[in-house]
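Colleague: The lines below spell out each chain.
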Amino acid sequence: MADEEASVLRVERVVKDFGEGIVTRVLHGIDLELARGELAALIGPSGSGKSTLLNLVGLLDRPTSGRIVLSGRDTSDLDDEEITLLRGRLIGFVFQFHHLLPAFTAEENVVLPSFAQEGWASAEMRRHAVEVLAAVGLGGRAKARVTELSGGQQQRVAIARALAHRPALVLADEPTGNLDTASADEVFELMRTLNRERGTTFLVVTHDERIAERCGRIIHIRDGRIVEPERAAPRALGGPG
Amino acid sequence: MPFEWFVAIRYLRDSRAQTVLILAAVSIGVSVIVFLSALIGGLQASLLKRTLDTQPHVTLAPEELVARPLLRENVRAAVTIERSPQRLQSIHRWRTLLDQVERVRGVVAASPTVTGAAFASRGVAQRPVVVRAIDPERFVAVVDVRSRVTRGRYRLTGNDVLIGKGLAELLGSQVGDKVRVSTGDGREALVIVRGVFDLGNESIDERWIFVPLRIGQTLFDMPGGASTIELRVGEVFEAERIGVELADLTGLEADSWMKINEQLLVGLRSQESSKLMIQVFVVIAVALGIASVLIVSVVQKSREIGILRAVGSSSGRVLRIFLIQGGVLGLLGSIVGSALGAAFSLFFERLATGPDGSPTFPVDLSPELFVGASALAIGIGLVSALLPARRASRLDPATAIRNG
Numbered sequence: 001m002a003d004e005e006a007s008v009l010r011v012e013r014v015v016k017d018f019g020e021g022i023v024t025r026v027l028h029g030i031d032l033e034l035a036r037g038e039l040a041a042l043i044g045p046s047g048s049g050k051s052t053l054l055n056l057v058g059l060l061d062r063p064t065s066g067r068i069v070l071s072g073r074d075t076s077d078l079d080d081e082e083i084t085l086l087r088g089r090l091i092g093f094v095f096q097f098h099h100l101l102p103a104f105t106a107e108e109n110v111v112l113p114s115f116a117q118e119g120w121a122s123a124e125m126r127r128h129a130v131e132v133l134a135a136v137g138l139g140g141r142a143k144a145r146v147t148e149l150s151g152g153q154q155q156r157v158a159i160a161r162a163l164a165h166r167p168a169l170v171l172a173d174e175p176t177g178n179l180d181t182a183s184a185d186e187v188f189e190l191m192r193t194l195n196r197e198r199g200t201t202f203l204v205v206t207h208d209e210r211i212a213e214r215c216g217r218i219i220h221i222r223d224g225r226i227v228e229p230e231r232a233a234p235r236a237l238g239g240p241g
Numbered sequence: 242m243p244f245e246w247f248v249a250i251r252y253l254r255d256s257r258a259q260t261v262l263i264l265a266a267v268s269i270g271v272s273v274i275v276f277l278s279a280l281i282g283g284l285q286a287s288l289l290k291r292t293l294d295t296q297p298h299v300t301l302a303p304e305e306l307v308a309r310p311l312l313r314e315n316v317r318a319a320v321t322i323e324r325s326p327q328r329l330q331s332i333h334r335w336r337t338l339l340d341q342v343e344r345v346r347g348v349v350a351a352s353p354t355v356t357g358a359a360f361a362s363r364g365v366a367q368r369p370v371v372v373r374a375i376d377p378e379r380f381v382a383v384v385d386v387r388s389r390v391t392r393g394r395y396r397l398t399g400n401d402v403l404i405g406k407g408l409a410e411l412l413g414s415q416v417g418d419k420v421r422v423s424t425g426d427g428r429e430a431l432v433i434v435r436g437v438f439d440l441g442n443e444s445i446d447e448r449w450i451f452v453p454l455r456i457g458q459t460l461f462d463m464p465g466g467a468s469t470i471e472l473r474v475g476e477v478f479e480a481e482r483i484g485v486e487l488a489d490l491t492g493l494e495a496d497s498w499m500k501i502n503e504q505l506l507v508g509l510r511s512q513e514s515s516k517l518m519i520q521v522f523v524v525i526a527v528a529l530g531i532a533s534v535l536i537v538s539v540v541q542k543s544r545e546i547g548i549l550r551a552v553g554s555s556s557g558r559v560l561r562i563f564l565i566q567g568g569v570l571g572l573l574g575s576i577v578g579s580a581l582g583a584a585f586s587l588f589f590e591r592l593a594t595g596p597d598g599s600p601t602f603p604v605d606l607s608p609e610l611f612v613g614a615s616a617l618a619i620g621i622g623l624v625s626a627l628l629p630a631r632r633a634s635r636l637d638p639a640t641a642i643r644n645g
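Residue numbers (our numbering), protein chains in the order written: chain P, 1 to 241; chain C, 242 to 645.
None of these hints come from the bench; they were simulated from the model. The reader is advised that the hints may include incorrect statements.
Pair ranges (Cβ atoms, derived) [unchecked claim]:
(1) C:Ile250 <-> P:Arg67: 39 to 45 Å
(2) P:Gly137 <-> C:Val521: 57 to 63 Å
(3) C:Ile250 <-> P:Arg198: 30 to 36 Å
(4) P:Arg198 <-> C:Arg254: 33 to 39 Å
(5) C:Gly613 <-> P:Gly137: 54 to 60 Å
Derived coverage of chain P by chain C (criterion: at least 3 residues anywhere in the stretch with Cβ under 8 Å from a Cβ of chain C; other residues may be distant) [unchecked claim]:
(6) 56-70
(7) 112-126
Ideal placement from N, C-alpha and C gives every residue a C-beta, glycine not left out.
Could you build all of it, start to finish, from the sequences and the hints given here?
Modeller: Laid out in structure tokens, this is it:
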């Protein structure tokens with residue numbers, strides 16, 4: 001087990017049940033750890049518990065039992081407001097359907113997490129948002145409404161939004177699932193580059209074996225359990241990628 | 242700009258059609274409230290002014306004479322007590338009482354008067370009149386007769402008198418003419434018309450005659466006396482309360498304009514109730530409009546709300562985003578509605594005028610009306626946004642993102 005410094009995420013014996021009366025157990029005692037700077041793929045068939053695990057790790061939901069430790073912070077005893085603050089500070093989300101806010105520009109979407117947490121958008125936040133947009137190849141489209149962008153560009157904005165507030169962990173739920181092959185490759189390459197150059201930790205849920213193969217680590221989940229030992233693969237950081 | 246304001250205003254701008262529609266509804270609601278309040282307030286103010294321009298707010302007079310049977314103890318008798326004939330009485334120690342009542346909180350002016358019935362004659366013309374003997378400087382602060390003098394001057398010294406416009410026509414008198422005033426018991430005075438007044442009340446203008454207090458005291462055999470003390474109060478609707486207080490203080494009988502004009506007050510209260518009922522229904526309609534639009538907005542934007550929550554917006558921030566939308570709709574609606582209501586009121590006021598050029602439907606567009614209407618609209622906006630705002634703030638982010 002990695003020490004607290006190196007570990008971004010530690011999931012310990014996490015169980016998740018749904019329903020009252022007739023209870024359905026979706027996760028059966030998950031143990032998982034992600035080291036700082038990892039790029040890991042979480043794969044498994046539909047209904048295996050991927051999204052449930054992602055929601056728990058992203059602090060969007062709470063486990064029935066077990067504990068989740070994020071950047072050394074045990075989240076079990078936090079109240080809703082503390083959870084919201086921690087989520088905003090430590091986690092970045094990339095969703096399959098980008099889920100950008102259509103009423104806002106690319107820059108405004110990217111600055112949103114910091115803006116929502118601080119209550120004010122400083123000039124520094126806006127400048128940084130433009131920098132991150134430039135890093136994902138959208139330097140010239142900062143003032144464009146997101147509805148004016150292509151699907152691939154929108155997903156790049158979503159990645160920029162996930163990164164702009166410098167989170168400890170980025171959770172990507174089928175980030176390429178809604179893109180054509182060329183755009184999917186572009187977007188994934190971007191994530192890999194950011195992982196390599198910035199050291200950002202990624203946990204990517206995907207159905208795409210091609211994408212999973214290019215991650216530093218693959219975690220298999222089936223019927224709510226981590227089922228296979230992790231496949232040996234070059235680590236993203238320091239590895240050939 | 243704070244986060245909540247930024248998002249709220251962007252949402253309102255983004256849903257332009259919805260925003261314009263609900264803004265129109267709020268504006269129309271506010272304009273109806275402003276218009277109705279201005280019209281009814283104007284009518285009430287006009288009615289009150291017409292009533293109070295010609296009469297004191299409170300009149301103090303000695304208690305009526307009451308006949309009492311003189312029976313010895315242990316003697317029983319069946320008696321019928323008839324109302325004794327009333328004669329004009331002077332108020333005992335009226336100067337002391339005048340000083341006392343002037344010091345009572347709420348009283349702004351007080352004047353002694355002698356008021357009685359008489360005949361005014363000029364040549365063959367003779368008319369029954371009400372003699373109002375006054376101290377001219379004090380009385381003008383109670384009822385502003387000076388501004389109603391249309392011919393001659395407001396001057397009451399020596400044998401001067403002021404007569405009503407109607408009486409001047411009936412007697413054929415001009416300013417400077419002599420008129421004889423006589424009472425039923427044979428006392429009379431030869432007086433000179435110094436001015437003709439028009440109090441806007443035909444009955445009063447045909448019957449009233451103002452004379453100096455001294456002439457009234459002579460005519461009604463009341464040397465140095467005063468039959469009434471007439472008062473003006475600061476707040477007209479306090480007149481009855483102040484009247485009761487003065488009656489307790491002086492032992493005199495107090496009649497307020499509110500007691501004398503009870504039917505007018507009933508009418509005013511009915512108008513007020515009708516206005517209130519209409520306002521309540523308008524407020525309900527506006528509140529339902531704002532609430533329904535914001536509820537639809539919460540449903541439409543539930544995924545976005547989920548995203549906002551996921552990226553770190555607290556439930557309090559989400560609550561405020563929707564409250565601000567309600568408040569802004571109320572504020573903008575109140576501005577547009579106030580302008581519309583004022584324009585419509587002024588247009589309506591100019592539609593019909595009386596023979597003297599005064600509006601038939603005067604409107605009362607006071608600053609308080611606009612402040613009140615705006616506060617009401619913003620309040621409605623906030624209250625009606627509360628339900629959708631709470632709903633938005635309680636959305637589970639994971640569910641909202643998945644199902645939104």
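Colleague: Against this structure, judge whether each hint is valid.
Modeller: Hints, one by one, checked against the model:
1. C:Ile250 <-> P:Arg67: 39 to 45 Å: holds (41 Å)
2. P:Gly137 <-> C:Val521: 57 to 63 Å: holds (59 Å)
3. C:Ile250 <-> P:Arg198: 30 to 36 Å: holds (34 Å)
4. P:Arg198 <-> C:Arg254: 33 to 39 Å: holds (35 Å)
5. C:Gly613 <-> P:Gly137: 54 to 60 Å: holds (56 Å)
6. 56-70: Result for this restraint: holds, n = 3.
7. 112-126: holds (count 9)
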